[in-house]
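Novice: Listed below are the residues making up each chain.
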Amino acid sequence: MEKKKQKSEFAKLPKEDKFLLVCGYVILGLFLVAIILPVIYIILASFVDPITLQNSGLTFDFSKWTLTAYERVMSNSQIWVGFKNALFYSIAFTAISTVITLLAAYPMSRTDFKGRGFFNLLFVITMYFGGGLIPTYLLISDLGMLNTIWAILIPGAFSVWNMIVARTYYMGIPKDLQEAAEIDGASEMVYFFQILLPVCMPIIATIAMWQFVGMWNSYFDAMIYLNDSAKQPLQLVLRSILIQNQPEPGMVSDMQSTAARAQLAELLKYATIIISSLPLMIMYPFFQKYFDSGIMAGAVKG
Amino acid sequence: MNKVSNAGTVGKAKGGKLHEFLLYVKQHWQLYVFFILPAFVLTIVFRYIPMGGVLIAFMEDNPIRGILGSEWVGMEHFNRFLSSPDFLRYLANTLKLSIFGLLWGFPAPILLAFLLNRILSKSIKQKIQLVLYMPNFISVIVLCGIVRILLSPTGMINQLLGTQYNFMTMPSAFRTIYIASGIWQGAGWASIIYTAALSNASKELQEAAIIDGANIIQQIKAVEWPAIKDTVLIQFIMSVGNIMSVGFEKAYALQTDLNLNASEIISTYVYKKGLLDGDYGFSTAVGLFNTVINVILLISMNTIVKKLNDGKGV
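Just so you know, the protein sequences line up as chains C and L, in that order. Position 229, counted from 1, in the first sequence is what this note's numbering calls 229; the numbers after and before it change by one each time, with no gaps. Position 240, counted from 1, in the second sequence is what this note's numbering calls 542; the numbers after and before it change by one each time, with no gaps.
Just so you know, these hints were derived from the structure itself, not from any lab. Treat the hints with care, as some may be off.
Covered by chain C, per the in silico footprint, the following chain L stretches (three or more residues, Cβ under 8 Å) [unchecked claim]:
| id | stretch |
| --- | --- |
| 1 | 391-403 |
| 2 | 432-442 |
Footprint (simulated), chain C over chain L, 3 or more residues, beta carbon under 8 Å [what the hints assert, rightly or not]:
| id | stretch |
| --- | --- |
| 3 | 319-330 |
| 4 | 340-348 |
| 5 | 355-362 |
| 6 | 445-452 |
| 7 | 548-559 |
| 8 | 571-577 |
| 9 | 594-607 |
All C-beta atoms in this analysis are idealised placements derived from N, C-alpha and C, irrespective of residue type, glycine included.
Turn these sequences into a full structure, and let the hints guide you.
Specialist: In C-alpha cells form, the structure reads like this:
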C-alpha cells in the first residue's frame, strides 16, 4: 500500500527531480555494493583451496573448497591468547574509563561548580596539545609501567571528548530532579548514583560502546608498550599475520616448500579476517539504537 | 574539616569572595575529592607532565644521566630536521595525505546524508544504515589486511581488471589507497551526525516548499542545507584542526618498503626515529614541530570562521 503511494508520488515529480533522485539512488547503491562486495569476496575466498585461488580466483566448484584455513587458524593458540587478552583489556578499559569519565562530567555539568572554567580549560587544552610520543613513552617507562597492562589501561582512561558528551547529556536532564533531591537532603553521591545515572543509561551505553570498540580495534599502545607475546592483544597477532606476512609458526610450518607455505599464509589471511571480525560484526547491530543519541549529545556542544 | 572552616573565617575577614569559595568547597567537597580528582590526576600525570618532557627536544639526551643530566643543545635538533632533504618530503606527504583526504573525505558523508534523507521508507533506510556503518567496526589492522589482499597481484581488483599490478609497492597509488579505504570505512559512520541534523529540519517547512512546487535543488537550498550548515562548519573546523595529526595507525599499516616515498609521514617518522632508533631528542623535536603547526592551523581557522560567521567561533 505504502509502496504504491510512493510510486505515484514519484510519477508526479518534475522531470529534473526524477533524474536527480535516480542519480542519487544509483550513487547510494554503488556505495553499498562497494562496501558489500569485498566482504563477500573475502568470505568466499576464505573457503577456496589456496592454489586454485591464486591461479584462477574464486570458484563455485565446491570440490575445490576447503576448511583447512579455519582449522589451522582456530587450532593456533596465539590467536586465542590474543582474543583473551583483547577481551580482558577491552572490558577492563571500558569499565575504568567509563567510570572516570562519567564521574568527571558531573561537576562539569553543574553551572554552580566553582572552578569549572579552570578545569574546562585544563581538559580542553589536552585535546589539541600534547607532549607527543617520546615524552609520553619515557614517562610510562619511568613509572615502571612498560610491559604491564597498566600502560594500556590507565594513560588514556580519561577521555575529554566523552566527558563533554556525558556533560551535555547531564545538562539536558531537568533541574527539578536535582532541586528535589537537595530539598530531601540527598548528598551529591546519592543524587548522582540513584537519580542521575539511571536516567542516563543511553549515553552510558554509547560511551561504553565507543571505549570498548576503540580498545578492541587499536594496536599502537600495545605495540609500543608490550613486548611480551603472552600479553599481546588480538590486533597485534593479526598484524603479524596480515601486515607483516609472518603467520604464527605452527600455522604453516608443516608445509614442505616455501611456495606452499607462502600460498597457505595467503589463504590464512582470509580466514583470520573473518574469525577476528566476527564478534564485533555480530554485536554491533544490537548497539544501533544508541548511535544517534550519542552522536547528537556530542553534536550539541560541538 | 576543621581546617577548612578556620580558613573560612579568615577569608571572611579578608573579603567575601575567598570566603564564598571556601564555603562552597566545604559544602561540596565530594565534587572535588570524589568526582573530578581521578580525571584531574590522570590529566596532570599523563597529559601535562609529558608536555614538560618536550624539553628534551632542546637537549642532547643522555639516557644514563636522565633529563636533568643532559646537555642543552638549543635548536640543533630542529635545524637538523628542517635542513635535512627528507624534511620537505615528509611534510609534503603529511599535508597531501590530510588535505586530499579532507577534500575527498569531507563531502562524502554529507552527500550520503542527503541521499539517505531521500529514502522515505524507514525500514529500508535502517537496513541501508546498518550496511553503511558496518565498516566502522572493522579494525585498522583488518582494514589494511583487506586492502592488501584485494590489491595484491592476484587479488580481486587485479582479477577484475585482468592485470597483475602490485599496488602496495607503488608510491603513486598510496594516497589513493589510503583515502579511498578511509571513505570506505568512515563515510557511513560520519554521515550519522548529518543525518541527525537533517532529521531536525522542519518537516512543515519542507512540506510547504513541496506544495509551493519547489524542486529538489530548491528544497535542499531552502530547508535542508540551513538545517545542517552549522554542523558542517563545526565538523570542517575540527577536521582542519586535525590536519597534522593524520592517523599513524593506518599509514604505518599500509607502508611497504617500496612505497615509503609517498607513505612516510611525520608521525611514522617520529615513531621510527624515536622508538626504533632511540634518537629521543630529535624525534621529540619533530613531534613538537608537528604539534605547533597543528595549533597554528587550528587558531587561524577559528579566527577566519569567527570573521565569516559574525563573531561566532567554536
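Novice: A separate judgement is required for each hint: does it hold in the structure or not?
Specialist: Against the structure, the hints:
1. 391-403: Violated: only 0 residues of the stretch 391-403 of chain L have a Cβ under 8 Å from chain C.
2. 432-442: holds (count 10)
3. 319-330: With 4 residues in contact (Cβ-Cβ under 8 Å with chain C), the coverage given for the stretch 319-330 of chain L holds.
4. 340-348: Satisfied; 7 residues make the cut.
5. 355-362: holds (count 3)
6. 445-452: This one holds; 6 residues, not fewer than the three required, reach chain C with a Cβ under 8 Å.
7. 548-559: holds (count 3)
8. 571-577: holds (count 4)
9. 594-607: Held - the stretch 594-607 of chain L has 3 residues with a Cβ nearer than 8 Å to chain C, which meets the minimum of three.
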